[in-house]
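Undergrad: Protein chains in written order, with the working numbering: chain E, 1 to 316; chain A, 1 to 316.
There could be a bad hint or two in this list.
The list treats identical chains as one, so a pair stands whether inside a single copy or across any two.
Using 30 Å as the maximum straight-line C-alpha spacing, the simulated BS3-like pairs for lysine-lysine come out as follows [claimed, not checked]:
hint : residue 1 : residue 2
1    : LYS46     : LYS200
2    : LYS305    : LYS90
3    : LYS185    : LYS200
4    : LYS313    : LYS200
5    : LYS290    : LYS200
6    : LYS98     : LYS200
Simulated from the structure, these hints should not be mistaken for lab results.
Number of protein chains: 2
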Amino acid sequence: MLISLSEAAEFLKNCSDAVIITHQSPDGDCIGAGFALKDILEAIGKRSRVVCADEFPKRFDFLTSAGCGEEFEPETIITVDIADVQLMGKLRELYGDKVQLCIDHHVSNTGYAQRTLLDPHASAACELIYELSQEMGVELNEHAAACIYTGIATDTGCFKFDCTTVRCHEIAAELMRSFDINFSKINRNMFDVKSIGRIKLESAVLELMEYYWDSRLTMICATADIMEKMGVDTDDLDGCANLPLQVENAEVGILIKEREPGVYKISMRSANDINVSEICQTLGGGGHAKAAGCLLRGSLDDVKKRLAEAVGKALE
Amino acid sequence: MLISLSEAAEFLKNCSDAVIITHQSPDGDCIGAGFALKDILEAIGKRSRVVCADEFPKRFDFLTSAGCGEEFEPETIITVDIADVQLMGKLRELYGDKVQLCIDHHVSNTGYAQRTLLDPHASAACELIYELSQEMGVELNEHAAACIYTGIATDTGCFKFDCTTVRCHEIAAELMRSFDINFSKINRNMFDVKSIGRIKLESAVLELMEYYWDSRLTMICATADIMEKMGVDTDDLDGCANLPLQVENAEVGILIKEREPGVYKISMRSANDINVSEICQTLGGGGHAKAAGCLLRGSLDDVKKRLAEAVGKALE
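All chains, please: the whole structure from these sequences, using the hints.
TA: Below is the structure:
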């Protein structure tokens, strides 16, 4: 059942306690939303605890180190930023069919919870947590403010992406006005730094860049051979799918990963108006307009040729 | 003479026309400020023209392609984002002693103009242009809105840096609410794309990274030998000074450029609280707290050792 902001606020005011679940492979938005909601509930005297199937990455220590809350037998189960019950990971078994409230901003939300506060126009789950705090009349503390700022910055690429709304900027202004958030440090840690291994990986992978159609299409082919020679695990390539789009004028960027001999996993990204989901559909795959994929079989040369042709048609 | 916002607005309302000068090596802020001010003046019937000692970079075509305005013999000379008359470049000779109004946000402004509207707390010159439009009661057009957004995004690293203010976010919210700015495209072009040559240069330079003090100090030594082997002009290294700080945990990053045998130009950057200006002063140089430099002579090993020691002391 979809519920309104005021209904969700009412529910939170009336619950006796809450376990707040964030999604597996946790990011800045679900961590921010979970810990800010914990602060809000505690401010009105509700025992609460944040749980996650996976460990919180070390770079979010500044949000998580205050602690997740002590264990207790909860009456209320809440999920934040979780569009599908599968994203609860191993916590699904315990809590999957018991979620009383889900707070989310993904249009793809499957409606698995008893009540869902869903705003697909919100840039981040943290935007909804902020609105809830206002609706509930609960004053945020500095930690919750940092949580909410981090979530919004995470999901908007620091106010850079399409999904950035007027409201994002308004909330950021309000948080910066009222609290002493070290936002530039948060942003540096989130956007500007990489591990030494990551820097080496990226510079190795960038060397493999190929250019087609006047560089409007860029392609990186990470064959098993080359990855082994460079000492790179193909799993480490996750997150490299955006690298080909770093090239100016590139409209479509492709990362080809060799799964097994003759089988290639294709990640396709669009910088502007080209719909890569449509291109990938013609190749038996699919996805979103700006991020899609498919699986291709054949020789590498053949695979590259088919990709260049399919993208070429779209670029015409 | 320092003047107030309302005095500057009054001056602009009363001038008959204006040549607006942006600084040499123009960036998004001075271009945005120049072209937005031109729109504002034209909206109240004043002939105006934007001029610059250097060509506007191609990636700012979306702001400049509407044209700089026709040539005319101006009665009023205005500079934007120019802290020192030297930054007018070759236009200094013609206009250097005739500037009637300077609109700037650099604390280092030398006061070379007859009137200076200076707000060192403003994140960008474009923030001041926005305030002027409000003070003058002139409605912005979509082009001026894109100009102002671009300037603020440029100087704040897209709302990422320390200098980002509450007002930046408020203005961004207001511009996005009132105008259809393609801000995500602007941001991609400004922050996410590089030329093919630049990508190759960066990945070559990153290979040279050295690590000291548990990676709290990172150093790239671009000797003439290595640069020649990699086919890189040392001039191309400008803008690489921030690369060493990409490493997580790095607090100080150093780029060493070989000027001539035994003479090294040092660029030092700080990620957090270490004051690199103080470190560089102990080595005969200087600069700002987060970006400073010096010139060192001796063998490369000796230079590196002195740098590692000086930074090591500050890290203690």
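Undergrad: Compare the structure with each hint and give your call.
TA: Each hint tested on the structure:
1. Proximity of LYS46 and LYS200 under a CA criterion of 30 Å is satisfied in neither setting, with 47 Å inside one chain copy and 55 Å between copies.
2. Taking the closest pair of Cα atoms, LYS305 and LYS90 never come within 30 Å of each other, the shortest separation being 41 Å inside a single copy and 51 Å across copies.
3. In the homo-oligomer, the alpha carbons of LYS185 and LYS200 lie at most 30 Å apart both inside one protomer (24 Å) and across protomers (29 Å), since each shortest distance falls under that limit.
4. Taking identical chains as interchangeable, the C-alpha atoms of LYS313 and LYS200 lie at most 30 Å apart only when they sit on different chains, with a minimum of 29 Å there against 35 Å within one chain.
5. Both within a single protomer and between protomers do LYS290 and LYS200 lie at most 30 Å apart by alpha-carbon distance, with minima of 27 Å and 25 Å respectively.
6. Taking the shortest alpha-carbon separations for LYS98 and LYS200, neither the intra-copy value of 44 Å nor the inter-copy value of 52 Å comes in at or below 30 Å.
In terms of the numbered hints stated before, the structure departs from hints 1, 2 and 6, listed from lowest to highest.
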